[in-house]
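Asker: Residue numbers (our numbering), protein chains in the order written: chain A, 1 to 248; chain D, 1 to 248.
Hint data in this document are derived by calculation from the structure and do not stem from the laboratory. Predicted model, so just to flag it, every value in this text is computed and none were measured. Glycine included, each C-beta is placed from N, C-alpha and C at the ideal position. Hints may contain errors.
[What the hints assert, rightly or not] Below 25 Å or equal to it, Euclidean Cα-Cα: the simulated DSS-like pairs (lysine-lysine) are:
1. A:172 / A:4
2. A:30 / D:95
3. A:30 / D:216
4. A:177 / A:238
5. A:202 / A:177
6. A:238 / A:178
7. A:195 / D:95
8. D:238 / A:177
9. A:216 / D:30
10. A:178 / D:30
11. D:202 / D:238
12. A:95 / A:30
13. D:202 / A:95
14. A:30 / D:112
15. D:195 / A:95
16. A:202 / D:95
17. D:30 / A:238
18. A:30 / D:4
19. D:112 / A:195
20. A:195 / A:178
21. D:231 / D:178
22. D:95 / A:4
23. D:4 / D:216
24. D:30 / A:4
25. D:4 / A:95
26. D:112 / A:216
27. D:95 / D:177
28. A:177 / D:112
29. D:202 / A:30
30. D:216 / A:112
31. D:231 / A:112
[To be verified] The following label-pair restraints were derived from C-beta to C-beta distances:
32. D:231 / A:8: 45 to 55 Å
33. A:215 / D:119: 52 to 62 Å
34. A:174 / D:202: 39 to 49 Å
35. A:171 / D:203: 43 to 53 Å
36. A:183 / D:243: 53 to 63 Å
There are 2 protein chains.
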Amino acid sequence: MNNKNSTENPDIITAAILVIGDEILSGRTKDANINYIACHLTEIGIRLTEVRVIGDDGDTIIASLNQLRADYDYVFTTGGIGPTHDDITAPSVAKAFSVPLVIDERALDMMKVRYRDDQLTEARRRMARIPEGAELIENQISFAPGFMIENVIVMAGVPAIMHVMLDAVTPKLRVGKKMYSVTIVYEHPESTIAKDLETLQKQFPEVSMGSYPYFKDGTLGTQLVLRSTNKTQLNSAKSALVIRLNNT
Amino acid sequence: MNNKNSTENPDIITAAILVIGDEILSGRTKDANINYIACHLTEIGIRLTEVRVIGDDGDTIIASLNQLRADYDYVFTTGGIGPTHDDITAPSVAKAFSVPLVIDERALDMMKVRYRDDQLTEARRRMARIPEGAELIENQISFAPGFMIENVIVMAGVPAIMHVMLDAVTPKLRVGKKMYSVTIVYEHPESTIAKDLETLQKQFPEVSMGSYPYFKDGTLGTQLVLRSTNKTQLNSAKSALVIRLNNT
């Protein structure tokens, strides 16, 4: 199995995403966060290794979170931190860590930028309930914060709000070696390059070679993607591949 | 925990999706299959309960598959059944079921519609390797089939090909009671309706009520979604909610 966290190799910092929301599973809402977080993590040098999408169910959230936070360096959750009865992420995270869920005065202060005291209704105060000991993550859009507790980062599901939370938490994250990649578009079915690619993969073990078919205008083509933390090896592998493609 | 499969309630048939592909985790490719499958399953009366995205790693595929196929009525996989060295879904599924992976004559026959014998290269013949005992799933686009083994449905990752495979396998699936839903757009933050919604949720336990904030043109609004397998209850809950919204 791939090594899952940095205890085995400090150059590799891993992460999982836990998307919480019945609306994604029913198909009503198309997730827009997984790809955004994936690109961001690749960019900063964190390796996204697993994604799970689960429903708004407390026991499921707790079980998934406890498994993922043990397996990976970081877990990013999205969804379920709003003011309504189906927003159960914060209490579930508190239970997963066995800490109390408390109305956090710092969170209330952040929300007071937007709301007068008499506007801080019971529903809105729910959004200031934070597991004890968590650091807050600022939200310049709707002001109710996300939070980070140990290696778990809890963010909103609304993409615009998630984006500012991800930016806010990024300076606090440990990162590993950056993964570089090059993509070569090859306008033929992948079966015609499969054998060459396998040979090259053996020749460049530090470079991971992927082949992704696409289907466009009735024709099958292939995107060849080479990835490595070693730029020199990556460039050598790319040159070798281009020579083979030209001779195919 | 939510009941996970039909052994507890024959009206509820559950499913998980296992997306296999490094390219989704690196962010290079935006998944287009989860939402498509989610909508299709909701439409036919199967409840999607979990989604996992994992990399092209054999042990990870085997472990995830064995957990999901034990937990849910069906598991749909996408990705990793092409002709290249990184396509390891079929051998991993065979290992998960402890059955041999064999060159399947029926699969070769399907591929011969497209390829002459001399075009059936070693790479292309890889796509005819099927776990022993599996049923084939036709693919009218590129002719290499998917397959179904027990409750696991193995499909291509290329969306156009996945779509025809999903259509081909659908008549073979058991389905449960269909889930109906109505969506009401409420142009105010969800905190202003949170309390009413909680009260209504208690009044209509058969109807699941979700509240999904959106952020558009600088304003927070809410989509209120009611879901139930009981149409009468769903309509009553909708009427009660509309009355409350008009009085808010």
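Asker: Given the hint that residue 4 of chain D pairs with residue 216 of chain D, does the C-alpha gap stay at or below 25 Å?
Answerer: violated, 36 Å
Asker: Is it true that the CA of residue 202 of chain D sits at most 25 Å from the CA of residue 95 of chain A?
Answerer: holds, 23 Å
Asker: Under the criterion that the straight-line Cα-Cα distance not exceed 25 Å, is the pair residue 30 of chain A, residue 4 of chain D satisfied?
Answerer: holds, 23 Å
Asker: Given the hint that residue 30 of chain D pairs with residue 238 of chain A, does the C-alpha gap stay at or below 25 Å?
Answerer: Distance ~24 Å between residue 30 of chain D and residue 238 of chain A Cα, so the pair holds.
Asker: For the pair we were handed, residue 238 of chain A and residue 178 of chain A, check the Cα-Cα distance against 25 Å.
Answerer: holds, 18 Å
Asker: Taking 25 Å as the top limit, are the C-alpha atoms of residue 4 of chain D and residue 95 of chain A close enough?
Answerer: holds, 22 Å
Asker: For the pair supplied as a hint, residue 231 of chain D and residue 178 of chain D, is the alpha-carbon distance within the 25 Å limit?
Answerer: holds, 10 Å
Asker: Could one say that the CB atoms of residue 183 of chain A and residue 243 of chain D fall in the range 53 to 63 Å?
Answerer: Holds, since residue 183 of chain A and residue 243 of chain D (Cβ atoms, about 55 Å apart) stay within the stated range.
Asker: Residue 95 of chain A and residue 30 of chain A: Cα distance at most 25 Å?
Answerer: violated, 29 Å
Asker: Regarding the pair residue 195 of chain A and residue 178 of chain A, is the alpha-carbon distance no greater than 25 Å?
Answerer: violated, 29 Å
Asker: Within 25 Å, alpha carbon to alpha carbon, are residue 30 of chain A and residue 112 of chain D?
Answerer: Given pair residue 30 of chain A, residue 112 of chain D is violated - Cα atoms ~38 Å apart, limit 25 Å.
Asker: Is it true that the CA of residue 30 of chain A sits at most 25 Å from the CA of residue 216 of chain D?
Answerer: Holds, because 16 Å separates the two Cα atoms, which is no more than 25 Å.
Checked against the numbered hints above, the structure violates hints 2, 8, 12, 14, 20, 23, 27, 28, 29, 31 and 33; every other hint is satisfied.
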